[in-house]
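Top to bottom, those sequences are chains A and B.
Mapping of the first sequence onto numbering that gives the first Met the number 0: residues 0 to 309, in sequence order.
Mapping of the second sequence onto numbering that gives the first Met the number 0: residues 0 to 291, in sequence order.
A hint or two may mislead.
[Said to hold, decoys possible] Okay, the calculated bits of chain B under chain A, using three or more residues with CB under 8 Å as the criterion:
(1) 120–134
(2) 180–192
(3) 214–227
(4) 230–236
(5) 252–259
(6) 275–281
Keep in mind the hints are simulated off the structure, nothing from the lab.
These numbers come from a predicted model, not from an experiment.
Glycine is no exception: its CB is placed at the ideal position from the N, C-alpha and C atoms.
The residues making up each chain are set out below.
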Amino acid sequence: MLQYIIKRTLMIFPILLGVIIIVFTIINVVPGDPGRRILGVSAEQEAVDQLNHELGVDRPFFVRLFDYIKNIVTRFDFGISYQSMNPVVETLQLNFKYTFKLALLMTIGYVAIGIPLGVLSAVKQYSWIDNLTRVTSVTLSAFPSFWFYMMAIIFFSLQLGLFPSGGVDSWLNYVLPIGCASILNSSSLQRMTRTTMLETIRQDYVRTARAKGCAKVSVVWKHAFLNAALPIINSVGVGFAGMLGGTVICESVFNMPGLGTVIIKAINAKDVPLVMGCTVLLSTIFCLMVLLIDIISSLVDPRVKAKLAG
Amino acid sequence: MTNQHPETIKFKKVSQSRDILRRFLKNRPAIGGMIILCLLLILFIGGCILIPEQRCYDVSGTPFQGPSAEHWFGTDHIGRDVFARVVHGSKISMTIGIGSTVISVALGSLIGAVCGYFGGRVDNIIMRFFDIIMCIPGMLLIIALVAALGIGVGNLLIAMIVSMVPGTVRFVRSTVLNLTDMEYIQCAKTYGTGNFTIIVRHVLPNALGPIIILMASNVAAAIMSAASFSFLGFGVQPPTPEWGAMVAESRQYMRQAPHLTIFPGLAIVIAAMSINLIGDGLRDALDPRLKD
């Protein structure tokens, strides 16, 4: 068991290294001229060359790649942003908390909607409530998130005036983004919960539990759901990690600060180190999250445990 | 599988596809999706032929008109006809959605089939490479690629293909892995059939069902994600009509003219939903586990 955890944890390093190399390669495929970008078209060529030299972008590709990895590993240094000339790390630190908060609240929201609905529609298969949730989830999966957010703004904020349409001044600002994202994302979780629950609910031990007179609630949640929970936990964990990288649209529509807003601004300003920093940071968190879930599920589930032992 | 008489095989093939068709036709939501999609395509193709593209850029109308007989979907902030723009916008939105899916599935199927069929070291190296790419969240991968290649429709298409290939490869590879143990593949091998022929004639046709399902479920997602990136400003640039870009343009006028947001978005929703319904129907019809 311990062996598996250690092995799995050690595996993360080559993967992270690979991620950094790939992101670096992608972004540096097209040769750029950051000095010219920062100083503008009218700057002297010598000044541009000088700045390029200071930034180190005139060195060969592999030297830069090696330096980039070395700086991240030894000093947690992601380079300097071309827009503000501040360290990228500062911008990341400043904005990460907003994105993290948003992603966490969204995850809590969609779990709170998706799992109960999924369990309910599995328990009452083919009932009106099952059909209703299934139709809703098929419909919702065709809604592009940006449009859904904007429709919510038009209706709840501009027509009814219930919630502000953007910003992060009070908790009221979070109601629309979190609510919409939760509803949209819950549809796939609901479908998944339904499928896994339908499999476990037909198992013999569930029938036994029912036959020996367990309360219905306890049969559904303790016997059936707990055994169906593992793939659900997996998907929620990966969903949360993916959401950290997917708040871009939400932040953009609702004018919220965060890494998504940073990344869009950075791309429009062609601020390469900042784009790279965001991507590397979020991919790293994604990988660590997947690792964490793998370890947790191997610890929690006796089936996985037995498979690893045998 | 002892009887390899060509006629027997031919007969079986026909009955199987008829069986699939019968199951698909019995699926009412799928037929509904099919009808909606056909109507939508007739509307868009007919519209593209009947409405001159010039009308998308014609600013002679009064700005912010609501829907009327003259302007079915009203006019936008500089008086352009929204209906014409939605109709002509379908060209780019649908092309990116369908194009990126078809190309990525074709590429991914080929790589996946080769990996799954041969296995060994090459398979190992290629799969580790794709595993690493899949560690980068999809949205960020596309953003990083667009940042590198520059903003534009072509580059967005490339970025979407790159982000979709690893998933396809993994999916097709696992399907093919199950197939390589089948008797008919072994049989073909003992006949001395070349590897290429086996992959093209025996492996890929038998993996076709899952590949079609994958394609159907990817098209809708691709249409939506193409619109999302255009919305963020990474794809189609104004004044070219495209659904995501049109919604983005309407952001400042949500209060005085909500119809500017509603109509292009509805086009995405209806297109994506009908394709999703067809995809679900195809999955039910093609998946042998749900046969009975």
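Report task. State whether the coverage of the region 120–134 of chain B by chain A holds or is violated, taking the criterion as 3 or more residues with Cβ-Cβ distances under 8 Å. Result -> That given contact holds, which follows from 6 residues of the region 120–134 of chain B lying within Cβ reach (below 8 Å) of chain A.
**Report entry** Within 8 Å of chain A's CB atoms, at least three CB atoms from the region 214–227 of chain B: coverage verdict
**Finding:** As far as the region 214–227 of chain B goes, the hint holds, because 4 residues have Cβ atoms under 8 Å from chain A.
Query raised in the report: Counting residues of the region 275–281 of chain B with a beta carbon closer than 8 Å to any beta carbon of chain A, are there 3 or more?
Result: holds (count 3)
Requested in this report: Three residues minimum, CB to CB under 8 Å: does the region 230–236 of chain B make the cut for coverage by chain A? Let me know.
Outcome: Result for this restraint: holds, n = 4.
Query raised in the report: With a cut-off of 8 Å between beta carbons, are at least three residues of the region 180–192 of chain B near chain A?
Result: violated (count 0)
**Report entry** Stated coverage of the region 252–259 of chain B by chain A [criterion: 3+ residues, CB within 8 Å]
**Finding:** holds (count 3)
This entry does not satisfy hint 2, going by the numbered hints stated previously; all others are met.
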